[in-house]
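**Q** Position 100 of the sequence shown, counted from 1, bears residue number 100 in UniProt numbering, the numbering being contiguous throughout.
Please note that the accuracy of each hint is not assured.
[As the list claims (entries may be wrong)] Once the Cα atoms are required to be at most 20 Å apart in a straight line, the calculated EDC-like pairs of lysine to aspartate or glutamate come out as:
(1) K28 - E14
(2) K28 - E122
(3) K142 - E153
(4) K28 - E16
(5) K28 - E125
(6) K28 - E60
(7) K28 - E44
(8) K28 - D67
Source of the hints: derived by calculation from the structure; they are not laboratory data.
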Amino acid sequence: MTFGAQGYALAHGEGEGLWFFNGLMTVKAGGPDTREAFTLIEAELPAGGGPPPHIHHNEEEGFYVLDGEVSITCGDQTWTAVPGSFAMLPRGIPHSYTVSSDGNARMLQITSPAQFERFAAEMGEPATTMTMPEPTEVDVPKLLGIVPRYGIEMLLPPS
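Starting from the given sequences, assemble the full structure and let the hints guide the process.
**A** In structure tokens, the structure reads:
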């Protein structure tokens with residue numbers, strides 16, 4: 001979705017929908033829209049949802065919680081983020097997050113520079129509806145094959 005230099009506005013539910021890590025990611029702005037400056041995604045995740053610990057080597061990441069409660073760990077710090085909370089996760093620092101509320105959580109995720117939307121599109125799949133996907137197991141071999149191209153290091157426990 002490229003809108004050019006004239007700007008654009010998207011309503012709730014508009015944007016490129018991706019099913020990613022058992023959540024619905026709606027890309028509001030990606031690299032082509034921002035001259036590669038940043039990616040903005042509205043992320044909805046189920047209770048208990050979130051990625052395993054990982055490190056972004058290429059981008060800064062921030063989360064602004066809209067609904068629900070999210071436990072965010074960055075380095076040796078852990079925060080409980082509720083609606084209106086913002087967390088900044090600098091590149092190079094291990095981090096993870098888990099939805100700690102009983103229901104879904106919604107967050108705005110910003111990464112700078114842009115590229116995260118390309119990772120989400122490659123790892124996930126296009127959403128056929130703008131609703132949460134059916135839960136599935138993460139394809140770990142696929143994940144481990146993709147993340148090096150995006151400067152992401154997964155910190156998975158030994159298998």
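**Q** Hints broken by the structure, by number, lowest first?
**A** none
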